[in-house]
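Q: Here's the letter readout for the chains.
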Amino acid sequence: GIQVEQSPPDLILQEGANSTLRCNFSDSVNNLQWFHQNPWGQLINLFYIPSGTKQNGRLSATTVATERYSLLYISSSQTTDSGVYFCAVGMNSGYSTLTFGKGTMLLVSP
Amino acid sequence: NAGVTQTPKFQVLKTGQSMTLQCAQDMNHNSMYWYRQDPGMGLRLIYYSASEGTTDKGEVPNGYNVSRLNKREFSLRLESAAPSQTSVYFCASALAGTTYEQYFGPGTRLTVT
Numbered sequence: 099g100i101q102v103e104q105s106p107p108d109l110i111l112q113e114g115a116n117s118t119l120r121c122n123f124s125d126s127v128n129n130l131q132w133f134h135q136n137p138w139g140q141l142i143n144l145f146y147i148p149s150g151t152k153q154n155g156r157l158s159a160t161t162v163a164t165e166r167y168s169l170l171y172i173s174s175s176q177t178t179d180s181g182v183y184f185c186a187v188g189m190n191s192g193y194s195t196l197t198f199g200k201g202t203m204l205l206v207s208p
Numbered sequence: 148n149a150g151v152t153q154t155p156k157f158q159v160l161k162t163g164q165s166m167t168l169q170c171a172q173d174m175n176h177n178s179m180y181w182y183r184q185d186p187g188m189g190l191r192l193i194y195y196s197a198s199e200g201t202t203d204k205g206e207v208p209n210g211y212n213v214s215r216l217n218k219r220e221f222s223l224r225l226e227s228a229a230p231s232q233t234s235v236y237f238c239a240s241a242l243a244g245t246t247y248e249q250y251f252g253p254g255t256r257l258t259v260t
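Chains as they are written, first to last, in this note's numbering: chain A, 99 to 208; chain L, 148 to 260.
Some hints here could point you the wrong way.
Stated by the list, open to error - Calculated cross-link-like contacts (lysine-lysine; reagent style DSS-like; alpha-carbon spacing at most 27 Å): (1) Lys200(A) <-> Lys218(L); (2) Lys200(A) <-> Lys152(A); (3) Lys161(L) <-> Lys204(L); (4) Lys200(A) <-> Lys204(L).
Unchecked claim - Every beta carbon over 10 Å from chain A, so not counted as near; a handful from chain L, in silico: (5) Gln164; (6) Met188; (7) Leu190; (8) Asn209; (9) Thr245; (10) Thr246; (11) Gln249; (12) Phe251.
If you are wondering where the hints come from, they were derived from the structure by calculation, not from laboratory data. Idealized CB from N, CA, C, for every residue including glycine.
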């Protein structure tokens, strides 16, 4: 099946710093989503981005499908950004669903 | 819109007991999914229903059964719970298959002792 690798596995930032999270995948995809899992365990949709670039406030994402990677940018980080960020990809074949990476755990300290 | 709802939020079972996790969505989605999340890992697919009337196994189906009751509801049943099924269970839905964005419920935290 498709492989999804996220880096870095852990990240500690001071409030106000910027960061870039990366997601590499091993095959062509027709779906790529970024999620934030907050400390209460809730999965929050950040971006649906199988290709191109999107921005939402302090967050933006870029997927280069031909090179099989996606980047999530967090600018001016806040303590509420803490949690785990997951990349998940979907393909036309296989289980007809999303395959998740193992996530990047982000801690933003005041 | 409530989105995707799950019940219960928490459950403790003894080994060998059975239970059903309930999931419902009000977004008129065709596809629904059950995942489990174990510590330090991403989510893994248990079963999915691409459309009403169909169900298929995912990556980790052993020990589980599902029922797509109608377009809105998709339940997950543990017939004889085992400690290895201690996990957080998430239900999700999408308009139709992998091309569309998936939306997740709040999860059910299950402990099997």
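Q: Confirm or reject each hint.
A: Hint check results:
Between the alpha carbons of Lys200(A) and Lys218(L) the distance comes to roughly 31 Å, so the proposed pair goes past 27 Å and is violated. At most 27 Å may separate the alpha-carbon atoms for a hinted pair to count; Lys200(A) and Lys152(A) meet this at roughly 23 Å. This hinted pair checks out: Lys161(L) and Lys204(L) have alpha carbons roughly 25 Å apart, not beyond 27 Å. At roughly 21 Å between alpha-carbon atoms, Lys200(A) and Lys204(L) fall within 27 Å of each other, so this suggested pair holds.
Distance check on Gln164(L): its Cβ is at least 23 Å (rounded) from any Cβ of chain A, clearing the 10 Å threshold; non-interface status holds. Not every beta carbon of chain A lies more than 10 Å from that of Met188(L), the smallest distance being close to 6 Å; the non-interface claim is violated. Look at Leu190(L): its CB is around 5 Å from the nearest CB on chain A, not clear of 10 Å, so calling it non-interface is violated. Distance check for Asn209(L) against chain A: the nearest CB is about 15 Å away, which clears 10 Å, and the non-interface claim stands.
At the 10 Å boundary, the C-beta of Thr245(L) falls inside the reach of chain A, the nearest C-beta of that chain being 3 Å off. Residue-level check failed: Thr246(L) sits 5 Å from the nearest beta carbon of chain A, not beyond 10 Å. Chain A draws Gln249(L) into its interface by the beta-carbon criterion, the shortest separation being 6 Å against a cut-off of 10 Å. With 10 Å as the threshold on Cβ separation, the claim that Phe251(L) sits away from chain A is violated: the shortest Cβ distance comes to roughly 4 Å.
Going down the numbered hints, you'll see the structure goes against 1, 6, 7, 9, 10, 11, 12, while the others check out.
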